[in-house]
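Once you have looked at the hints, place chain B on chain A.
Protein chains: 2
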Amino acid sequence: MWQITEDDLVPTAIGAGILGTGGGGNPYLGRLRAREQLRAGRQIRVIDPTEIADDDLLVVAGGMGSPVVAYEKIPGGGEETDAVRALERHLGRKFTAIAPFEMGGGNSMVPLVIGAILDIPIVDGDGMGRAFPELQMITYLIYGGNPSPAALADERGNRIVVDQIVDSKWLERLLRSTTIDMGGHAGLATAVMDGAFCRTTIIPNTLTLAKDIGDAVLAARQHHGDPSEAVLGVAGGRRYLRGKVTDVERRTARGFARGRLVLEGTGEDAGRRIEIDFQNENLLIREDGEPTVTVPDLITLVTTDEGEPITTELVRYGLRADVLVIPCPDLLKTSRALEVVGPAAFGYEVDYRPLAV
Amino acid sequence: MWQITEDDLVPTAIGAGILGTGGGGNPYLGRLRAREQLRAGRQIRVIDPTEIADDDLLVVAGGMGSPVVAYEKIPGGGEETDAVRALERHLGRKFTAIAPFEMGGGNSMVPLVIGAILDIPIVDGDGMGRAFPELQMITYLIYGGNPSPAALADERGNRIVVDQIVDSKWLERLLRSTTIDMGGHAGLATAVMDGAFCRTTIIPNTLTLAKDIGDAVLAARQHHGDPSEAVLGVAGGRRYLRGKVTDVERRTARGFARGRLVLEGTGEDAGRRIEIDFQNENLLIREDGEPTVTVPDLITLVTTDEGEPITTELVRYGLRADVLVIPCPDLLKTSRALEVVGPAAFGYEVDYRPLAV
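Residue numbers (the numbering used here), protein chains in the order written: chain A, 1 to 357; chain B, 1 to 357.
For reference, chain A alone in the conformation it holds in the complex (with noise of 0.2 Å):
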């Protein structure tokens, strides 16, 4: 167990952009919450996966929603740990542990938030190791935990909780609109799980990992190193391109940004034109009409001068990027989990076929 303190807390949130793969929503908002309560007292403690005890009672907790929403209306912090506390009530049972929803932009940082507030530990580790667009996309879910309960509550004081659902899908959907119905961003709470699986299902480690990375980015930009390759050589993967967007379609439906990026290659890439398509997250890479680099890999846009993260619904035309793809962790590699987040799960017709690097 050890302590996360506000000297980490700019590290963490540019490394858990880049992990984002454009998605997950605004870290800086995640970082300021985040910053507020160890500036009230409150103490956000971590977990390693091992430390987790068998018969502890986890909870999976974060933010849900549009991250473009999310811009205009700041989470007050109320409603995710409301989520988890209506379903403490629902259980009759405390939760020991907050297990964080994914590794991306604001929702790396919610669960410290929630940990704090509830002054339990979270986990280093996430269900993701990634950001992902859907519910059902976290591995907790992906192999066997319960969808339900769950509960979802605004800042307005609304508050359900779902008793029993059909699957992990269903919750998705029900979630989904409530959450757009609620203004676009809701705190959720769901995948109630004891030690022993989540221990198993977990991507460990994924926030010594953000936090490795943004102090390897911050690293390179005080000694005019490439932050790029400072990403590359703690997170694995290459760069794909450096170059320039030269066009972004983005519209928001249901909830989700979606679009395509065109990027053009710039010195030693001159003359390559690649597309990306994304859905809150960067999805695929076409380069010559042919997809070659899809989900569950890591697609991640940088500022090629800053490495600094560039989320899907702040790109923007002229921008000046690196286009890093990095491998996707182990546990979303197998059937099962491909079903769920691989490119047929996105209505790709494409098989996956793992990053080589």
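Hints in this document: simulated from the structure, not taken from any laboratory. For each residue, glycine too, the CB sits at the ideal point set by N, CA and C. Worth double-checking, as some hints may not be accurate.
Said to hold, decoys possible - Where chain B lies over chain A, by a calculated footprint (3+ residues, C-beta under 8 Å):
hint : stretch
1    : 86-92
2    : 96-102
3    : 153-161
4    : 242-250
This is chain B only, laid out in the frame that chain A set:
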């Protein structure tokens, strides 16, 4: 306390259809479901509101969703009882009786089915004295009942409990979306209350009224009387127009059947032309461009020859119909009620003027 027999069902369904003012779902299906319960040997017990004890625990239960959908998707019967049971589990208490939602079409029969399955009585009365399209429009909630906890269940086994809600309009909003996601129909339980509260907020004896109306219609048919006159003899009110449907505009939006009818008078009403706006239920009559009868007073269409209620989803060009207008119960005429069920609540800039009979 008395029991509903199979012979009661046909007249009650006819009367409920007439009080349903064009909405409330399909009385035929509800009747078949109630009959099925009786034939399975279960009992449908009814208590008068005066028989409710102060410390009885009541719940309002029925179906939520568009009647248009309910034609295609016959409710299985499990979802409404599932919703009630989910609330019982949530509260850790058993309900002693069911308070009906509305006296309209299918939803007037559904409480009989729930009572039979759960083996508890239903109260002779309801929360609308007619049908209305939205959840907050029940007297129990208008007069200060609790919209939460509430439960919604579908026939697949999805079940949600609304643990806390800002107000009854929020309950309508969140549950309406969820109902649509669930396929357009769901079982609902809400407005948990004690007996003392129920006795003062229920519109009493509308189940008996529905049966009496239906009996009068059946007697008129048998003795070649005028079915409309028979209805009015029991329910009060007057025949506004006898005529023919000459135009129907209808669309289904957000689970509601919305639209407008035109009727032209025949016989002594020849030369008159009226328009009726509906949102599931008939809301407003216009004649010569002026609103003449509005919600919450009852505007109901019956076939001229048989006195058979005509629902807004089945009304069609060429039907010969009597337009009956019936004063609404006093509990809907207070300023508190008119805020929720008066013309303004449906977007009309018209003051409610009680129907002159």
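Status of each hint after checking the structure:
| no. | hint | verdict |
| --- | --- | --- |
| 1 | 86-92 | holds (count 3) |
| 2 | 96-102 | violated (count 0) |
| 3 | 153-161 | holds (count 6) |
| 4 | 242-250 | violated (count 0) |
Violated hints, listed in ascending order, are 2 and 4; each of the other numbered hints is respected by the structure.
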